[in-house]
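Participant: Residue numbers (the working numbering), protein chains in the order written: chain A, 101 to 582; chain B, 1004 to 1199.
Keep in mind the hints are simulated off the structure, nothing from the lab. Keep in mind that a hint or two might mislead.
[Stated by the list, open to error] Mimicking DMTMM-like on lysine to aspartate or glutamate, the simulated pairs with C-alpha atoms at most 25 Å apart in a straight line are:
#	chain 1	residue 1	chain 2	residue 2
1	A	Lys275	B	Asp1062
2	B	Lys1129	A	Asp425
3	A	Lys388	B	Asp1127
4	A	Lys544	B	Glu1041
5	A	Lys474	A	Glu507
6	A	Lys433	B	Asp1062
7	A	Lys544	B	Asp1163
8	A	Lys474	A	Glu435
9	A	Lys277	B	Asp1128
10	A	Lys205	A	Glu184
11	A	Lys544	B	Asp1062
12	A	Lys388	B	Glu1193
13	A	Lys277	B	Glu1190
14	A	Lys275	B	Glu1194
15	A	Lys207	B	Asp1128
16	B	Lys1045	A	Glu191
17	A	Lys275	B	Asp1066
18	B	Lys1129	A	Asp365
19	A	Lys364	B	Glu1194
20	A	Lys388	B	Asp1066
21	A	Lys275	B	Glu1193
22	A	Lys205	B	Glu1190
23	A	Lys193	B	Asp1163
24	A	Lys277	B	Glu1125
25	A	Lys364	B	Glu1125
26	A	Lys364	A	Asp374
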Amino acid sequence: MHKKSEDMSPRSLFDKLWDAHVVAPETRESPAVLYIDLHLLHEVTSPQAFSVLADRGLSVRRPDRTIATLDHSTPTLPSDHAGELPYATPEAKRQVETLIDNCEKHKIRLLGLGDPQRGIVHVIGPELGLTQPGKTVVCGDSHTSTHGAFGALAFGIGTTEVGHVLATQCVLQRKPKSMRVVFDGILPAGVSAKDVALAMIAEIGADGGQGYAIEFAGAAVAVLSMEGRMTLCNMSIEAGARFGMVAPDETTFSWVKGREYAPKDEAWEQAVSDWRLLASDEGAAFDKEVRLDASKLRPMITYGVSPDAAAPVDAAAPAAASTADEHAIEYMKIEPGRPFSATAVDRVFIGSCTNSRLSDLREAAAIMRGRKVKNGVVALVVPGSETIKRTAEAEGLHKVFLAAGAEWREPGCSMCIAMNGDQGAPGELVVSTSNRNFIGRQGKGVRTVLASPATAAASAIEGCIADPRKYLENNVRAFDVV
Amino acid sequence: MSFEPVRGLTSRTIVLRQENIDTDQIIPARFLTTTSREGLGKSAFFDWRYNTEGRLRNDSPLDGHNPAEHRILVAGSNFGCGSSREHAPWALADFGFRAIISSDIADIFKSNALKNGLLPVEVDDKTHRRLLSSPGEEVTIDLESQTVRFAGGEWQTVFDVEPFARQCLLDGVDPLGHLINQLPAIESYEEGRCEL
């Protein structure tokens, strides 16, 4: 399956994934032509790509390597009595219908409205077993790095490139530099993969990964669950890196096994033996290496308007070090020197391609069980897919959230991108398990604090930014570990 | 798709000094429900230009923007970070910009901009500081020689641009044709991989 290296020098996971997909090598004049194994589509970044195909009289070259879902503009409230979904605008409805039409026309499988497997694009790929070690995965969405958790080469592309992949199954790409981020040690109790991701971004900066493909490694990553690895790789782009990845291992194989699109029987045995060769060779070179001590990590939150403005939840807001910081403080109204726990919360969002999987919902439910969301706080729990929703309901998690006073919604991106009508009001402070705290991201004038599901749940209960560890007296483990 | 070839560009600058200007600032997500790439200029930096009631705030350097006169945007570092939405360069191009200058431009934005006749120019810190501190200055960007020059001619600096994208910009074509020419190689690659 994988081409042998010309020389025998040690190669990284990234080198191996790259080499195996080069159709035409990079030259001084032109980028490499890179083959794409899996192309994921959603309603927002695909319509203009299909228009280019129509204008040029081209067809979708490999509909069998393409799958679509509805998530971004899709309502998370159920249909009304007339069967109408509450779209934010008629234009949003038209966008959804456009993808339905395009998929029908080009014979692309669509996880459409009412499909029992519909969900957020970065949740359904892994869930269906489409995302596999060794594959190249693209999507017109910057959080495509999520799929790198499986030892895949996964990256976000623009709409012009979506058109390129539809027409040719390839993209033009120069090989980025490589970075290894190593987490030594064992994660302490109450700390999750989201906290690891935020600590990493705070360490290297919002543009620290610019131009790099990151491999996450080390003892703390080796014991992360697949869900935890997906959360970590998902946030690579918040450090500026289009690619984030983890070497596949037994955790990966047992997660993929038996899923709809996973290889079966003999093909499975062959695939696993190929996948075992993907891990970085001893002595593989990286352009940059960063080491962090996982055993020192605490639950993290963001206090500014860039994801690298992150600090431990039990700390106090730092003083401004630049004009940019002063503007962030002015917008966030989180006063330097005061403990974060003094910050009142208006709304809590648990969901998004970062943290909407079953384990995330379990972590939040464990804290909300038998407790009430603080009076005046609106809490929204949005599962990542129909499958997660069904499984969570079978476990009774929805009852825990509803009894606590939280809302339990239909799957979708919801308040992460806030383009389907789910959003905060101007001035509100939202503790969110999503990935971006940009100004206005969750609604005009909304102040976003990024956190783990446990921190978000604890904050919903207390009505202010809260440390989840006090709710975990009997839990000595970290979250998201196997 | 094609666009007007980019060769030389002389224009006054509009300066947005902020660092980390993300794509949600360039075009807020609520404007992404469109199925077209046209007419997004009116949504560019919408929340920087209009208040919650939809009235002009009159406090943005973009207010005095004249598309005939201001075709270069100078911005703080890490410009275009965040989402992969190509709506960001579509909006900026439709607003009237033909080039963005910063010390550091986010990868996906840069790649998207290059495919839409919007030239991303990354300059050294010294040149960047000079540009940030002199809004409205006349600047010449020459893609052929990959140089940025100030009007007086007293300052000139070179910039990098990916050679293939540069050629596409000079010719005013997008790279799809190049990929389509690769189809025989793509087919033989597929044949060579047994699991395909």
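Participant: Quick check: which numbered hints come out false for this structure?
Facilitator: 1, 7, 12, 13, 15, 17, 18, 20, 23 and 25
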